[in-house]
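Quick mapping for you: the protein sequence lines, in order, are chains A, B, C and D.
Numbering follows the working numbering, in which position 30 of the first sequence is assigned residue number 30; successive positions increment by one, without gaps.
Numbering follows the working numbering, in which position 101 of the second sequence is assigned residue number 101; successive positions increment by one, without gaps.
Numbering follows the working numbering, in which position 61 of the third sequence is assigned residue number 61; successive positions increment by one, without gaps.
Numbering follows the working numbering, in which position 16 of the fourth sequence is assigned residue number 16; successive positions increment by one, without gaps.
It is worth saying that the hints were derived from the structure and are not from the lab.
Heads up, the beta-carbon is just placed ideally off N, CA and C, and yes, glycines get one too.
Below are the PhoX-like pairs computed for lysine-lysine, each with C-alpha atoms no more than 20 Å apart in a straight line:
hint, chain 1, residue 1, chain 2, residue 2
1, B, K131, C, K46
2, A, K55, D, K10
3, B, K131, C, K10
4, D, K10, A, K131
5, A, K131, D, K46
6, A, K125, D, K10
Ranges of calculated distance between the beta carbons of each label pair, as one might list FRET restraints:
hint, chain 1, residue 1, chain 2, residue 2, range
7, A, E129, D, R39, 33 to 39 Å
8, B, K63, C, S49, 18 to 24 Å
9, D, E2, A, H101, 48 to 54 Å
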Amino acid sequence: MDRKIIEIVQTIDTSQVFTDLSDAQSGGICVFVGTVREFTQGEAVVSLEFETYEKMALKEMDKIASDALEKWKLNKVIIRHAVGLKKVEEPVVVVGASSAHRDACFEACRYLIDTLKETVPIWKKEVFENKAVWVSAHP
Amino acid sequence: MDRKIIEIVQTIDTSQVFTDLSDAQSGGICVFVGTVREFTQGEAVVSLEFETYEKMALKEMDKIASDALEKWKLNKVIIRHAVGLKKVEEPVVVVGASSAHRDACFEACRYLIDTLKETVPIWKKEVFENKAVWVSAHP
Amino acid sequence: MEILLFGIAKDIVGQSEIRISSDDAALHSVQELKDFMVRKFPEFGKLSSFAVAVNSEYAQDDVPLNRNDEIAIIPPVSGG
Amino acid sequence: MEILLFGIAKDIVGQSEIRISSDDAALHSVQELKDFMVRKFPEFGKLSSFAVAVNSEYAQDDVPLNRNDEIAIIPPVSGG
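Please put together the full structure from these sequences, using the hints given.
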């Protein structure tokens, strides 16, 4: 059975993630969900648009999951990212890990989201009322 | 709208927690689920039994949630604990928080579960094939 | 005076409540109650620790006990 | 040589792929490709940074480019 779930999807179903990570050897499951926030620096966000270089993104996500499985004693790891148009409150990313003891799954979960944001080729455009901005593109 | 969800329940439905914590002002949701692990120090666990002093447990859980809301910038906090007989892989506790930025919800989530384990009057009996042990009761 | 018992405390005493009349002992504080429990049920002395709750709040040893208080023995907790 | 473009790189160039023939430029390394892009589309010089992927892996500046490689411009990522 594969211990890694690596997916790029159109829509994230958050109700599924604990089932995905559940394991008889695990006493703890830690999950982070990133969602669309209504305001960025005081400006109302209408929606977010996510674009990806899918082939490379899946490779990079797989590396992150494998690194986490090496660094910590984990039973299962998930990295699932959505692409396309997302409205306020919609989930855009789910990462998580299950482990016998909670230290490992907490630390791994944090590592998964932090590293994903640094290396995975996914781009987010914030759409406001009167403009659209590719996040982090400019200094 | 109340920002705290504090519950003692018979059965935990993990599919519900992200809906509980979702909020337009949140960019991140961090959730920890504690589940029944099959082995404790190499011995096969048949089931766990949770007992509580409910009135006091709800008070203590509420204090923890309020402390977290004071310590970090959070939008919502949940502490939901199950009681009764739980089988391997079943969820026994769910804690989580939503916040604008992920640092706050990660730190708060860790605080919620760590403090719950220290102060909330809930007792766990590990039932093995040939014996039953109240966890942490003896040195 | 009625004392609520949970977890291993219930197992030690064999029931979920214990009634202590003033004939049995005059218990004026949390400390006196703890001492009484250990004297009467030596198994309490073998626990990692145990606390007392008065009116569903943790109570320090010097907290006085009154007849109408809701009092409970809180053995080491193990939720989560 | 075909170069895949994503995010703001696609907006700068105005299309999702750019074809660079050897008549346009002889690009032997990642560094030469980056220099070419900034020369041809000065907006690339204003980005926080941009990387190049060769065969869907991040490539250092000294990595050589071959005709059959899958090459992509990776502007600052912002997933999550």
